[in-house]
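Student: Sequence:
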Amino acid sequence: MEYTNMSFLYDFAFMSLLLIIAQFLRSRIKFLQMFYIPASVLAGLMGLVLGPQFLNVIPWSGKIGSYAYMLVCVLFGGLFLGKKDKTNVKQILTKVGDSFCVNMGAEFFCFGIALLVGGALMKILFPNVFTEIALLMPSGFCGGHGYASTIGTALNNSLGREDGVVLGQTFATVGLLVGLFVGIACINYATRHGGTRLVEKAESLPEECRTGIVPVGKRNSMGEETINPMSMDPLAFHLALTLTATLCGYKFYDFYKQFLPNVELPVMCLAMIFGVIINTIIGHTRFKDSIDEHVEGRIGSMVTDYLVGFGVASISTSIVLEFAGPILVLCVLGMLTSLFLVFVVGQKLFRNFWFERSIFVFGWTTGVVAIGVTLLRIVDPEGKSGTLNDYGYSYTLQSVIEVFIIAFTPILTVSMGCIAVGVIETGIAVVLFLICAKCFGVHNEKMNELREGEAEVISK
Numbered sequence: 001m002e003y004t005n006m007s008f009l010y011d012f013a014f015m016s017l018l019l020i021i022a023q024f025l026r027s028r029i030k031f032l033q034m035f036y037i038p039a040s041v042l043a044g045l046m047g048l049v050l051g052p053q054f055l056n057v058i059p060w061s062g063k064i065g066s067y068a069y070m071l072v073c074v075l076f077g078g079l080f081l082g083k084k085d086k087t088n089v090k091q092i093l094t095k096v097g098d099s100f101c102v103n104m105g106a107e108f109f110c111f112g113i114a115l116l117v118g119g120a121l122m123k124i125l126f127p128n129v130f131t132e133i134a135l136l137m138p139s140g141f142c143g144g145h146g147y148a149s150t151i152g153t154a155l156n157n158s159l160g161r162e163d164g165v166v167l168g169q170t171f172a173t174v175g176l177l178v179g180l181f182v183g184i185a186c187i188n189y190a191t192r193h194g195g196t197r198l199v200e201k202a203e204s205l206p207e208e209c210r211t212g213i214v215p216v217g218k219r220n221s222m223g224e225e226t227i228n229p230m231s232m233d234p235l236a237f238h239l240a241l242t243l244t245a246t247l248c249g250y251k252f253y254d255f256y257k258q259f260l261p262n263v264e265l266p267v268m269c270l271a272m273i274f275g276v277i278i279n280t281i282i283g284h285t286r287f288k289d290s291i292d293e294h295v296e297g298r299i300g301s302m303v304t305d306y307l308v309g310f311g312v313a314s315i316s317t318s319i320v321l322e323f324a325g326p327i328l329v330l331c332v333l334g335m336l337t338s339l340f341l342v343f344v345v346g347q348k349l350f351r352n353f354w355f356e357r358s359i360f361v362f363g364w365t366t367g368v369v370a371i372g373v374t375l376l377r378i379v380d381p382e383g384k385s386g387t388l389n390d391y392g393y394s395y396t397l398q399s400v401i402e403v404f405i406i407a408f409t410p411i412l413t414v415s416m417g418c419i420a421v422g423v424i425e426t427g428i429a430v431v432l433f434l435i436c437a438k439c440f441g442v443h444n445e446k447m448n449e450l451r452e453g454e455a456e457v458i459s460k
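The sequence shown begins at 1 in our numbering and counts up by one.
Take the hints with a grain of salt, since some may be wrong.
[Stated by the list, open to error] The list that follows gives simulated cross-link-like pairs (lysine-lysine, BS3-like), each with its CA atoms no further than 25 angstroms apart:
{"no.": "1", "residue 1": "K218", "residue 2": "K460"}
{"no.": "2", "residue 1": "K30", "residue 2": "K201"}
{"no.": "3", "residue 1": "K83", "residue 2": "K251"}
{"no.": "4", "residue 1": "K438", "residue 2": "K348"}
{"no.": "5", "residue 1": "K460", "residue 2": "K446"}
{"no.": "6", "residue 1": "K218", "residue 2": "K30"}
{"no.": "7", "residue 1": "K348", "residue 2": "K288"}
{"no.": "8", "residue 1": "K384", "residue 2": "K218"}
{"no.": "9", "residue 1": "K438", "residue 2": "K30"}
{"no.": "10", "residue 1": "K438", "residue 2": "K201"}
{"no.": "11", "residue 1": "K201", "residue 2": "K95"}
{"no.": "12", "residue 1": "K384", "residue 2": "K95"}
{"no.": "13", "residue 1": "K63", "residue 2": "K257"}
{"no.": "14", "residue 1": "K84", "residue 2": "K288"}
{"no.": "15", "residue 1": "K384", "residue 2": "K288"}
{"no.": "16", "residue 1": "K438", "residue 2": "K90"}
{"no.": "17", "residue 1": "K348", "residue 2": "K63"}
[As the list claims (entries may be wrong)] Restraint ranges, calculated between C-beta atoms of paired labels, are given here:
{"no.": "18", "residue 1": "S290", "residue 2": "V431", "range": "35 to 45 angstroms"}
{"no.": "19", "residue 1": "G441", "residue 2": "Q258", "range": "46 to 56 angstroms"}
{"no.": "20", "residue 1": "P215", "residue 2": "M34", "range": "30 to 40 angstroms"}
{"no.": "21", "residue 1": "P52", "residue 2": "R451", "range": "48 to 58 angstroms"}
{"no.": "22", "residue 1": "T4", "residue 2": "H294", "range": "30 to 40 angstroms"}
{"no.": "23", "residue 1": "T285", "residue 2": "V57", "range": "48 to 58 angstroms"}
{"no.": "24", "residue 1": "P381", "residue 2": "M222", "range": "44 to 54 angstroms"}
{"no.": "25", "residue 1": "K446", "residue 2": "G417", "range": "36 to 46 angstroms"}
{"no.": "26", "residue 1": "Y256", "residue 2": "V400", "range": "13 to 23 angstroms"}
{"no.": "27", "residue 1": "V400", "residue 2": "V430", "range": "15 to 25 angstroms"}
{"no.": "28", "residue 1": "L321", "residue 2": "I29", "range": "23 to 33 angstroms"}
{"no.": "29", "residue 1": "V400", "residue 2": "Q258", "range": "35 to 45 angstroms"}
{"no.": "30", "residue 1": "S231", "residue 2": "L336", "range": "49 to 59 angstroms"}
It should be emphasised that the hints constitute simulated quantities derived from the structure, not laboratory data.
Since the model is a prediction, treat every value here as computed from it, not as a measurement.
Cβ coordinates follow ideal geometry from the N, Cα and C atoms, glycine included.
Can you build the whole structure from these sequences, using the hints too?
Tutor: As structure tokens, this is what we get:
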């Protein structure tokens with residue numbers, strides 16, 4: 001069937017309907033609330049079942065598989081718009097050095113182990129499968145559907161394949177579910193063995209976190225109106241900035257490809273760079289206070305819901321069945337890697353509140369940061385551990401390094417091979433962990449023993 005502007009509209013309209021239904025189901029069904037299943041994942045699963053592969057109720061166009069990558073480019077185009085804080089490497093390392101080293105090391109470790117061990121397992125167990133599939137697992141687990149689309153697209157372009165994005169979306173979906181189900185199991189284990197400091201048993205989050213419906217007295221503003229609606233709608237202004245950065249990313253990609261056809265730089269990274277440039281330029285004009293970071297954040301969050309929904313709905317069951325063995329092996333490897341980060345790396349290296357900080361790492365190395373936040377709030381409902389503050393501060397530096405991971409890991413993997421790149425990235429992770437151990441010490445306390453500074457925080 002011919003793809004038209006109405007096809008685009010129908011795809012987004014149907015996904016919007018599914019998101020509404022998913023939110024209603026989340027607000028009513030206890031099982032979904034118990035495991036905090038995101039409405040976007042539920043909408044995507046419904047879209048998959050109701051689509052042409054199963055019940056054929058929703059006539060998805062043949063292009064929905066391309067929406068995830070397009071949307072992640074939009075997401076990253078607005079990622080740094082409205083940011084005013086400058087990255088100070090020395091301050092970050094002094095203030096939250098252990099948080100930075102463990103979190104940054106965790107990302108390199110997940111990619112490194114997947115490429116090193118996963119790549120080797122693919123060669124041994126599945127010699128007929130392309131070994132680069134090992135890269136798609138941490139792309140989905142660590143970065144969610146956005147990274148999976150980006151790196152999957154890069155592999156498709158470099159290897160001449162068509163299944164990279166689908167496999168990446170599959171890993172991302174499995175990762176989200178692993179993050180929630182296994183994460184909650186880890187919390188139950190830690191509470192029974194005295195590993196948690198701020199709760200004695202795994203308590204449910206407030207009702208609005210479980211149902212998704214925020215009561216009247218607890219609602220927050222989505223942002224400020226920095227532009228007078230008589231001139232231009234403020235939401236349209238912020239969306240226009242985001243799409244302008246995205247446009248620049250796509251056009252620059254088309255431009256440089258004319259001269260460097262064999263170099264594959266993700267449009268996502270280019271869009272983010274142009275977002276930084278636009279933000280810097282506007283920051284030196286009288287419009288410097290016209291970009292509201294919170295509004296840009298809501299636009300990004302909105303885009304993410306559609307990104308995840310389309311990512312799950314576009315999973316090809318035939319491709320999943322074809323690669324079922326490698327997918328299963330790599331997902332188990334990814335889960336074990338994240339558990340190692342919690343109960344070995346995190347327990348040894350975090351100065352205080354090791355489990356609270358580690359379960360957050362588990363959440364974002366299997367799903368996305370939102371999963372990490374969900375798990376963290378179960379064991380640290382009042383935010384006393386300082387985990388989110390430390391992560392947010394260190395992420396200003398980590399996000400810059402992530403761009404290079406996303407941009408160059410696929411290129412290096414294709415040119416050098418999985419195992420070689422796996423050795424390099426695992427080595428970087430080990431160096432970061434050793435730096436953390438050298439600067440902040442190694443902790444050998446038992447799981448239930450308090451660490452320095454915890455008693456004062458707990459007593460407040």
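Student: Enumerate the violated hints, using their earlier numbering and listing them in ascending order.
Tutor: Hints 7, 9, 10, 11, 15, 17, 20, 24 and 29 are the ones this structure does not satisfy, whereas the remaining hints hold.
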